[in-house]
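J.: Work out the full structure: start from the sequences and follow the hints.
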Amino acid sequence: MITAGIDMGAKFIKVLLLKDGEIMAKAQEMAGFEPVEAAEKAFSKALSESRLSKEDVNAIFATGAGRKAAPFAQDSITEVGAAARGVTHSHPSVRTIIEVGAEEGRAVKCNEQGKVEDFAINEKCAAGAGSFTEAMSRALEVPLDEFGRISLTSSKSIPMNAQCAVFAESEVVSLVHAKTPKADIARAVHDAIASRIVSMVRRVGINNDVALIGGVSYNPGFVDSLNRGLETTVIIPENAEYTGALGAAIVAAERNKND
Amino acid sequence: MAEYKTEPLKCWNKAKELRLKYYKDYQEAHKKGGIRWTGGAWALDAVPAGLGRDVYNITGEPYGASIAFDKKFSLECMEATEAKGWARDLCSYMRNYWGSMYLNKFAFGGEYPEPDFCYQDHICCSHAKWYQHVAEYKKTPYFCVDVSVGPYNELDENRLMFVVNQLHEAIEWMEKTTGRKYQDELLIEAVENECRSTSTWAEICCLNMAKPAPLDEKTMYSLYVHGTLAKHKKEVADFYEELRDEVKYRVENNIAALPNEKCRLMSDTQPPWGFLKVFRYLEKYGAISIGSLYTFGLIGIWETKPDGAWGPRTTPMQKGEKITNRDQALRILADWNLSKPEWQHFYDPDLKTEMMLQIVKQWKLDGVMLHLNRGCEGLTCGIMENRLGIAKTGTPIMTFEGNMGDEREFDEKQVMTRIDSFMETLGLQMMTV
Amino acid sequence: MFKQFFEWYEKRHDYARDWIAKNNSDVVGCFCSYVPEEIIYAAGLLPVRLLGSHEPQDVTEPHIFGMFCPFCRDVLAQGLKGRCDYMKGITIAQSCLHLRQSFTSWENHVPVDYAYYLPMPSKVQTRHARPYLKGEYERYIKSLEEWTGKRISNEALRESAELHNENRRLMHEVYDLRKDPNPSVTGSEAMVMVVSSFLVDKKDHNAELKRILPELKSRTLDRETGSRLMIVGSENDDTKFIKMVESVGATIICDDHCTGTRYFWNETKFENGDILQDLADRYIDRPACPSKDWEERTRFPHILQMAKDFNIDGVIIIQQKFCDPHENDIPILSEYLKENGFPTLFLEFDVTVPLGPMRVRVEAFLEMLSEEELF
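Chains as they are written, first to last, in my numbering: chain A, 1 to 259; chain B, 1 to 433; chain C, 1 to 375.
Source of the hints: derived by calculation from the structure; they are not laboratory data.
Please note that the accuracy of each hint is not assured.
So, partial list: chain A residues that the calculated Cβ filter (under 8 Å) puts toward chain C [unchecked claim]: (1) PRO159; (2) MET160; (3) GLU171; (4) VAL173; (5) ALA192; (6) VAL198; (7) MET200; (8) ARG203.
Where a beta carbon is used, it is the ideal one built from N, C-alpha and C, also for glycine.
T.: Structural data, given as structure tokens:
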């Protein structure tokens, strides 16, 4: 059985081909203004990488923010369900999945089969997402990929409230004026966002093993802060950005087993 | 292929007419020398009824909800309120109401009708303050009854008397304020009507235990509203009996609210009034909300029966009790209202969790959806503990954030996505037919 | 001179543990300043008001929805983090909904032996509230007696009431010194004096007050008084904020806060020949929390009178973010004060406040006040 998962993310479209539980190929394209075209392109790329044609694929499922517009897909599942299936496929010991993207943070509780038992999504007054990190790295004039790294060099814990992102930004400005070292501010920012995420995760419970996916998982400063807040070490799956597509492909296979 | 047959409610039009008549009566009250008072839906409205048969009221919460339906007008009201310096996180019903007052625009056409007095109950932080401001703005006399005397299961004579004494005081105050002589027979009639209408509403909610459910929650909102407007009026009590008979008929004949009922849910807190389409969205999955503690217990009065089941509270009349004097009427009225299910969580969220779990069991539900309502701190009080308590039992539960009266705080796409995720966890797929 | 008060404030948990050991008794955590502390003290227990710690936290989201005030969540966090593990009992006297959730969640998730919910009336303006509250106090006493296994005598209640009255009188004496054109007490010091009073045994607090008062009366501070400000609002023990205000050319002279004058302003009067009724009357007659200030607005004339008595230049109105009770008063209060010649500045607080932006607002306000004087 060969299935495909298409993750119609807001920024990137990711496609993954799965054969009998093994990943055959993956490809991604920037969504841009033409996400459907981008999806088609990514799909073609994945097909050629695995030397398959479209007819070889038994079923295609979509996920992601734009999943309803995915071309070729027979059905779709939400990011919550996709994350649970995708992560437990490669890491069956995971029971809690944290996904932090640019705009949204999610926490999912699942069982060993990847079935979602509970989930939480950030509420208005506790949002902690990647776009805040980006904005702060710009404010401190530090490239985003360095921002995480320099925060690891700090050993100081400066409490930042960050309940409201606007207030938090003011606090950063105050710290800059007080000539606080950039590394310490960077760590404070990561600690604050991680704290918001940990708060949300507590709603579903922190059950080991805990996995982290989403764009912010590439930020070592944030990961460090998160580990400290959770009092555990999160697993970051390889090719974490394809977790959604993988989950969709797995569900596609399951739903078509009887056909 | 639909599994069950369905048909619209026969008394639907009557429900609509009754509601519109209520607002019209209020607006035109002065034309025939009648009295107008404004207050909350929980203000013990049987009391002013003793002033005469030409006493009309508008209750702020349904009025605030009516404004919320009209998104354009609601935004005008919100902005007018904010222009006066009021915070955006205050009760959204109150902000809609105040806006209508500031703009001098009645939601049902014409100008905001001046009340003769304000009469309110106090249980959440904003209740008494709401009409304090209306009274100072409109220079109207104001009386408020403090009903926050603890949970019903701990009621003692001292607590009951605190409420009853205030009601006695309210009557004397109303006589002075209106110059009218109070008529105890009218009070007694009103109390009996209230017991009848609120108990009958609970009966109607109980009929929704049937599978398929004869009513869906969105429909129920248009029906419980009469209890929030004038539960002390004979026409409301009579209407509920008529409605109950029709719903009984639906149950006996397997007439469903949702022909494809696959999954039974309950919600909690007021719905986002500007986005009731959320309920229609659920139906795409074959999911129906059969009600909530809010819909059941806002005006419904309940009791635990000897067999442990939850059911309509037995009225004094059903017990053969005859009300003969003012004090007795007020005691019964106070006790009756203090047992209201929606008043218990103000003191302990566990009391609400217990009732919610009872509903899950008795109405045979598959899941619970909590509306984290930023527009009402009263009904959202303790809601996260309710969530924990329900999740502990393994009952699937989800939350979505919103606002009952301020549509700027409701993110439609986000909520629909969460519902999709929740439906997935329940193993439901959207029906393509 | 206020070092002891600061220490009690900063090391409150250590003090509580010492007190428990020394007195072989227990501490009862109080949610809200309407709790009748005199009764708890007469039972041989120490009433301690629960405060937050002004730190961001990540433990309360599963318990209290984010739209409720940061203070109530900060309070609950102390319990959830085990900082009050010595506290065997808790009590709340109902006022606002926000803090009630801290109490009920604490009861559910923090190990305590005793938890009591006292339905303090909100309609304090009705004469019926008095016998009602007395009845509630009788119920509360029975419950405490059951827990401690000891009877609470009328004599003990009277003694306790008088001790608390003495504390109030002494704090009034300190506040009176602030009426001086160049007060010998800063707002920062006064705040920590009042806040520490509900964290420690009144005997200790009275002794310390008696010790410093004579010195205080002759003390002169080496600072400019600057603008005389009054601060009005909900719970506030933000010492950093007060220090900042007093460093930019102003002095906080008086306040209307639940952790300030609303806590100690009025004494118990022994007029009923019935100590419980006397206590009930005291809590009914005290300066009201906004959620209890209706149908008449009694807070406003009270605040205005204080502003006049203390010769205030301007009023800073603060509220905890999302605090509905205060939000229900603030716009009208602002107008009222302005009409009566007192300019106001409105600030919204969280558990930590961004001092930079706050300073900008306060300095602009002070500039405005000094311009008022010029014109």
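J.: Decide, hint by hint, whether the structure agrees.
T.: Hints, verified against the model:
no., hint, in the structure
1, PRO159, "holds, 6 Å"
2, MET160, "holds, 7 Å"
3, GLU171, "holds, 5 Å"
4, VAL173, "holds, 6 Å"
5, ALA192, "holds, 7 Å"
6, VAL198, "holds, 4 Å"
7, MET200, "holds, 6 Å"
8, ARG203, "holds, 5 Å"
The structure is consistent with each of the numbered hints, conforming to all of them.
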